[in-house]
Amino acid sequence: MRHIISLLMENEAGALSRVAGLFSARAYNIESLTVAPTEDATLSRMTIVTSGSDEIIEQIIKQLNKLVDVVKVLDLNDGRFLERELMLVKVKATGAHREEMKRMSDIFRGRIIDVADGSYTIELTGSGSKLDAFLEAIDKSAILETVRTGASGIGRGDRILKV
Amino acid sequence: MQLTGAEIVIRCLHEEKVEFVFGYPGGAVLNIYDAIFQQDGFKHILVRHEQAAVHAADAYARSTGKVGVALVTSGPGATNAVTGIATAYMDSIPMVVLSGQVPTPAIGQDAFQECDMVGITRPCVKHNFLVKDVKDLASTIKKAFYIAASGRPGPVVVDIPKDITAHTTKFEYPDSVQMRSYNPVLKGHSGQIKKALKLLLEAKRPMIYTGGGVVLGDAAELLTKLVRKLGYPMTNTLMGLGGYPATDKQCLGMLGMHGTLEANMAMQECDVLLAVGARFDDRVIGNPSHFFESSRKIIHIDVDPSSISKRVKVDVPIVGDVRSVLADMLELLSESDKTPNESALAAWWQKIDGWRGRNCLSYDRNSAIIKPQYVVEKLWEVTKGEAYVTSDVGQHQMWAAQYYKFDQPRRWLNSGGLGTMGVGLPYAMGAQFAHPNAQVACVTGEGSIQMNIQELSTCKQYHLPIKVILLNNRYLGMVRQWQEFFYENRYSESYMDSLPDFVKLAESYGHVGMQIDKSSDVEGALKEAFAMKDRFVFMDFITDQKENVFPMVPNGKGLSEIILAEDL
Chain A
1 MRHIISLLME NEAGALSRVA GLFSARAYNI ESLTVAPTED ATLSRMTIVT SGSDEIIEQI
61 IKQLNKLVDV VKVLDLNDGR FLERELMLVK VKATGAHREE MKRMSDIFRG RIIDVADGSY
121 TIELTGSGSK LDAFLEAIDK SAILETVRTG ASGIGRGDRI LKV
Chain B
164 MQLTGAEIVI RCLHEEKVEF VFGYPGGAVL NIYDAIFQQD GFKHILVRHE QAAVHAADAY
224 ARSTGKVGVA LVTSGPGATN AVTGIATAYM DSIPMVVLSG QVPTPAIGQD AFQECDMVGI
284 TRPCVKHNFL VKDVKDLAST IKKAFYIAAS GRPGPVVVDI PKDITAHTTK FEYPDSVQMR
344 SYNPVLKGHS GQIKKALKLL LEAKRPMIYT GGGVVLGDAA ELLTKLVRKL GYPMTNTLMG
404 LGGYPATDKQ CLGMLGMHGT LEANMAMQEC DVLLAVGARF DDRVIGNPSH FFESSRKIIH
464 IDVDPSSISK RVKVDVPIVG DVRSVLADML ELLSESDKTP NESALAAWWQ KIDGWRGRNC
524 LSYDRNSAII KPQYVVEKLW EVTKGEAYVT SDVGQHQMWA AQYYKFDQPR RWLNSGGLGT
584 MGVGLPYAMG AQFAHPNAQV ACVTGEGSIQ MNIQELSTCK QYHLPIKVIL LNNRYLGMVR
644 QWQEFFYENR YSESYMDSLP DFVKLAESYG HVGMQIDKSS DVEGALKEAF AMKDRFVFMD
704 FITDQKENVF PMVPNGKGLS EIILAEDL
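Residue numbers (this note's numbering), protein chains in the order written: chain A, 1 to 163; chain B, 164 to 731.
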């Protein structure tokens with residue numbers, strides 16, 4: 001099953017490589033990994049999207065907790081949570097495509113953030129599956145380039161990950 | 164007062180009451196070596212290869228429980244240390260390795276003798292640090308010692324660029340360490356301990372399985388109390404030998420791939436299993452699905468939560484320091500009005516005695532050709548079971564584990580997890596430095612001993628009265644055994660040709676060399692060697708080439724699919 005794991009770790013050189021190294025050394029899946037400092041500059045927050053059986057996810061959480069730099073780990077799938085990912089996609093926008101792309105972007109609540117003679121760049125946010133759905137919905141041959149940030153996640157309501 | 168980084172390193176080691184630093188100098192650590200020259204707080208031991216420095220520091224830690232310290236230079240010095248670090252990591256040995264690094268401005272420039280030590284060691288250390296500011300040096304070393312020794316112990320690397328060792332700052336050594344990201348749980352959950360005890364007392368066929376955690380956690384005494392009080396059978400892993408007296412009748416010997424029939428069968432057929440500081444690894448329980456063909460309740464005590472339910476799902480996990488949990492368990496037991504089920508236990512012991520009666524460790528004691536098992540048995544007798552015994556890796560390691568009966572913890576030093584050939588001689592050095600008046604024996608093979616043979620020179624320099632017990636069968640014996648069983652006798656590259664004359668080799672270093680090729684000479688030779696209390700003696704025993712290690716649970720098989728010597 002797909003899991004989203006959030007963690008707080010010391011914002012130190014090499015911390016990211018400890019996490020990435022752990023996943024490769026123990027042959028765990030890694031779908032995406034995002035990391036950035038938090039409002040407290042000494043802490044980084046990381047969101048990891050992974051998949052595996054319950055036993056594997058349990059081991060992943062334990063192994064992450066074992067890293068000396070990791071302060072807190074939360075499996076977002078243990079409760080209710082929100083997931084958002086940002087995607088920028090550059091599409092062909094000529095002739096009939098031009099109007100169609102604008103419409104599709106509106107339907108998916110995207111924003112066109114760059115307009116050129118032959119192309120649009122559309123900004124979309126949502127869960128990973130929503131972004132997938134957009135790419136499915138438009139004409140594949142119109143896609144010039146995509147870039148995705150990987151998922152960020154946060155617990156709903158009073159589920160808070162903080163030191 | 165301002166001190167240089169090099170002086171700070173020395174002062175930190177003094178603060179940590181370090182007795183020995185095992186190392187080898189080089190460009191990046193010259194400032195540190197200059198500071199070593201001007202101090203007498205600890206003794207520096209000059210080895211002949213960095214790998215041996217790390218192994219010796221590791222053995223010092225294994226045999227004393229204190230943190231071992233090694234010092235190496237950058238680049239090749241650091242990479243040579245990696246095998247030693249990985250060895251210590253797999254066996255959870257507390258150790259601090261200080262490595263030199265090229266000066267900070269040169270990092271990343273492919274400088275002479277540069278390597279990314281923090282990157283290379285990341286997967287095989289508990290933690291590592293690159294010191295980028297001399298102001299952080301003392302607090303980093305303090306953290307390194309704290310992390311190495313606390314929780315589940317392990318090696319910590321501190322990589323120190325050369326310019327940092329020359330920069331100056333005020334020296335302040337912190338009294339304690341506070342880390343929000345690292346707080347190992349030591350006290351076991353009382354509810355879980357209660358549940359565990361209830362399960363244990365209701366057992367009809369109980370079994371206690373104990374590992375290296377008992378030795379590392381200094382819990383041998385408490386474990387012994389608990390096992391005796393319950394009257395239950397127990398077994399040790401390879402790493403746990405000495406955690407309970409091997410000569411006691413409740414001890415069924417070692418379990419696992421080359422464990423005894425009684426230990427393996429009792430593991431398979433028990434209804435309640437108490438695992439203490441052990442991790443159910445592949446050499447111990449064989450095939451996990453076969454293990455679960457018979458059902459049992461499992462209680463698992465371990466300081467590392469990630470060791471619990473990793474390979475085997477357990478029913479009652481208890482995260483905590485083994486010693487603390489066992490103490491709590493003993494207290495609860497003394498307050499409990501329940502006692503073990505005597506009649507069920509008697510029937511269980513009867514069954515176990517049936518397995519024991521098969522005498523699975525028997526071998527031909529009347530052989531004229533030297534049987535390797537016989538040498539180890541005689542070694543045990545001659546040293547009265549009190550020696551520090553190190554081994555390398557292979558058949559001789561298993562024979563040492565099977566036939567030397569360890570009654571005390573920290574006496575058996577071997578590379579259980581990584582299985583590193585070449586540890587035996589440097590381990591013996593580390594143990595002999597830590598216990599200068601003790602008998603130290605290195606049981607080895609002609610393959611393994613050659614992997615760190617250069618240390619004969621270190622042993623000469625420091626007059627170490629180690630006794631090398633070479634079980635020389637002219638084969639990489641364990642490889643040959645597997646080739647015999649699983650590769651239809653195709654002995655691919657397992658014959659050790661062109662061996663040196665070990666007697667002459669030892670003599671060339673000023674040591675005593677002996678070659679023994681008759682069974683009848685074994686005991687006398689051992690007595691003669693151990694009577695030379697101030698000499699290093701290299702004993703080359705010419706043993707039976709075709710002897711195999713039994714019992715054996717073939718790779719991927721279940722514990723009850725064990726093969727005995729008599730089956731063949």
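If you are wondering where the hints come from, they were derived from the structure by calculation, not from laboratory data. Cβ coordinates follow ideal geometry from the N, Cα and C atoms, glycine included. A hint or two may mislead.
Computed beta-carbon distance windows for the label pairs [what the hints assert, rightly or not]: (1) B/Asp-527 / A/Ala-25: 23 to 31 Å; (2) B/Arg-528 / A/Ala-25: 40 to 48 Å; (3) A/Ala-13 / B/Lys-720: 41 to 49 Å; (4) B/Lys-720 / A/Gly-21: 29 to 37 Å.
Calculated pairs, EDC-like style, for lysine to aspartate or glutamate (alpha carbon to alpha carbon, straight line, at most 20 Å) [to be verified]: (5) B/Lys-295 / A/Asp-75; (6) B/Lys-305 / A/Asp-54; (7) A/Lys-66 / B/Glu-494.
- Item | Beta-carbon spacing of B/Arg-528 to A/Ala-25 - inside the hinted bounds 40 to 48 Å or not | holds, 47 Å
- Hint says 41 to 49 Å; check whether the CB-CB distance for A/Ala-13 and B/Lys-720 agrees. Since A/Ala-13 and B/Lys-720 have Cβ atoms about 46 Å apart, the given range 41 to 49 Å holds.
- Are the Cα atoms of A/Lys-66 and B/Glu-494 separated by 20 Å or less? Distance ~30 Å between A/Lys-66 and B/Glu-494 Cα, so the pair is violated.
- Proposed proximity, A/Asp-54 with B/Lys-305 (alpha carbon, max 20 Å): violated, 38 Å
- Item | B/Asp-527 versus A/Ala-25 beta-carbon gap, inside 23 to 31 Å or not | Distance hint for B/Asp-527, A/Ala-25 is violated at roughly 45 Å.
- Message: If I claimed the Cβ atoms of B/Lys-720 and A/Gly-21 lie 29 to 37 Å apart, would that claim hold in this structure?
- Response: Given about 33 Å between the Cβ atoms, the range holds.
- Message: Run the distance test for B/Lys-295 versus A/Asp-75: straight-line Cα separation, threshold 20 Å.
- Response: violated, 34 Å
Comparing the model with each numbered hint stated earlier shows that hints 1, 5, 6 and 7 do not hold.
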